[in-house]
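Participant: The chain contents come next:
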Amino acid sequence: MTEYDPRRSLDDIRRYGDSTRDAYVRHAFATPYALVTAVMLFIVYAAVDLPSPWRMIVVALGLAVGVGAVAVGQARAPVRRRPSGAEIVFCVIWGVALVVVYGAARILAYAFGLPVPGIVAAGVLAVASGVAVVATRPLYRAMLRNESRHG
Amino acid sequence: MDAEFDEFLHVPARLSVVALLAPAGWVEFGFVRDTVGTSDSALSKQISALADAGYVEVRKGRDGGARRTHVRLTRTGRGAFERHAAALDRIVAAARTRAEPAGEAPA
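Those protein sequence lines, which keep their order, are chains A and B.
If you count the first sequence from 1, position 98 lands on 80 in the numbering used here, and the numbers rise without skipping.
To get the numbering used here, take the position in the second sequence, counting from 1, and add 306.
Heads up, some of the hints might be wrong.
[What the hints assert, rightly or not] Restraint-style ranges between C-beta atoms, simulated for each label pair: (1) A:Glu129 x B:Asp340: 19 to 27 Å; (2) A:Arg(-4) x B:Gly360: 20 to 28 Å; (3) A:Leu43 x B:Gly343: 51 to 59 Å; (4) B:Phe314 x A:Leu45: 47 to 55 Å; (5) B:Phe314 x A:Asp(-7): 15 to 23 Å.
[What the hints assert, rightly or not] So these bits of chain B aren't anywhere near chain A, every CB distance computed over 12 Å: (6) Ala309; (7) Thr341; (8) Ala348; (9) Ala357; (10) Asp358; (11) Ala359; (12) Arg368; (13) His376.
[Said to hold, decoys possible] To spell it out: a stretch of chain B is covered by chain A in this simulated footprint if at least three of its residues, at any positions, have a beta carbon under 8 Å from a beta carbon of chain A; those stretches are: (14) 323 to 335; (15) 393 to 401.
Keep in mind that the hints were calculated from the coordinates and are not lab data.
C-beta atoms are modelled at their ideal positions from N, C-alpha and C, and glycine is treated no differently.
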């Protein structure tokens, strides 16, 4: 075996590992799932202002959409992996940031006297989630690659 | 040669499959085939060899009407891969160390 051979093998190992991580991120952040997430968030948060029992019915419908999307996404994923601690923290921050956006949008909608502040805020939240998916995809991919280099 | 260098795993067709599986749990057969750039039959042969060695396990299922096969590293396979990658690292580092003094100018 030449000395070039192990070096090339190590390069191949890194390249193939990155292919797997990229496929995972590509699938998890794919546009159809981002759209379904936005629709689910809109349904669930727009239902907040509805009278009972419609609130519970619409929230259940939104959550059913979310659960269905997760099930289909998992079944069709080319790569399945258990999320690392850093990935869980990332998702928690992502979720908290969206709740903050929703809260701020709701306060502003009330302040401007809009007729249906809950629905307006839910719309802002849905758009923000779509933007967040596009904006954080490269960050998530970089985080996974970085984890593989350092741990 | 490093004691943990795995001749069986070092075959490029096997090493590429194992390197693809290493960062994941279950990986779809079609993704492995397309990324490695091989045929169904050639990949099946390598996966059978890896399974016989206890390095991977295979699961067949259905998604709607489509049959899907998934593969993942076993604990044994993951350990063997990590030891082999570490051995490669040591070989490359040793080669670099041997090459460096020759390039240095005398003080």
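Participant: Compare the structure with each hint and give your call.
Facilitator: Here is how each hint holds up against the structure:
1. In this structure the supplied range 19 to 27 Å holds for glutamate 129 (chain A) paired with aspartate 340 (chain B), their Cβ-Cβ distance being about 24 Å.
2. A C-beta distance of roughly 25 Å is found between arginine -4 (chain A) and glycine 360 (chain B), which places it inside the suggested range of 20 to 28 Å.
3. The hinted range of 51 to 59 Å is not satisfied by leucine 43 (chain A) and glycine 343 (chain B), whose Cβ atoms lie roughly 44 Å apart.
4. Checking the proposed 47 to 55 Å range against phenylalanine 314 (chain B) and leucine 45 (chain A) shows it holds: the Cβ atoms sit about 48 Å from each other.
5. Checked against the hint of 15 to 23 Å, the C-beta distance between phenylalanine 314 (chain B) and aspartate -7 (chain A) comes to roughly 20 Å, which is consistent with it.
6. Listed as a non-interface residue, alanine 309 (chain B) keeps its Cβ farther than 12 Å from every Cβ of chain A; the least gap is roughly 15 Å.
7. Its closest Cβ contact with chain A, about 5 Å, brings threonine 341 (chain B) to no more than 12 Å, contrary to its assignment away from the interface.
8. Here alanine 348 (chain B) stays apart from chain A, with its beta-carbon at least about 16 Å from theirs, past the 12 Å limit.
9. Distance check on alanine 357 (chain B): its Cβ is at least 18 Å (rounded) from any Cβ of chain A, clearing the 12 Å threshold; non-interface status holds.
10. Separation of aspartate 358 (chain B) from chain A is adequate, the least Cβ-Cβ distance of about 22 Å exceeding the 12 Å criterion.
11. At roughly 18 Å from the closest C-beta of chain A, the C-beta of alanine 359 (chain B) stays outside 12 Å, upholding its exclusion from the interface.
12. With a closest Cβ-Cβ approach of about 9 Å to chain A, arginine 368 (chain B) is found to fall inside the 12 Å limit, against its non-interface label.
13. The claim that histidine 376 (chain B) is not at the interface with chain A is violated, since a C-beta of that chain comes within 12 Å of its own (minimum 8 Å).
14. Using a Cβ-Cβ cut-off of 8 Å, 10 residues of the stretch 323 to 335 of chain B lie near chain A, which meets the minimum of three, so the contact claim holds.
15. For the stretch 393 to 401 of chain B, the stated coverage by chain A is satisfied: 5 residues place a CB nearer than 8 Å to a CB of that chain, which reaches the threshold of 3.
Violation of the numbered hints given earlier is confined to hints 3, 7, 12 and 13; the remaining hints are satisfied by the structure.
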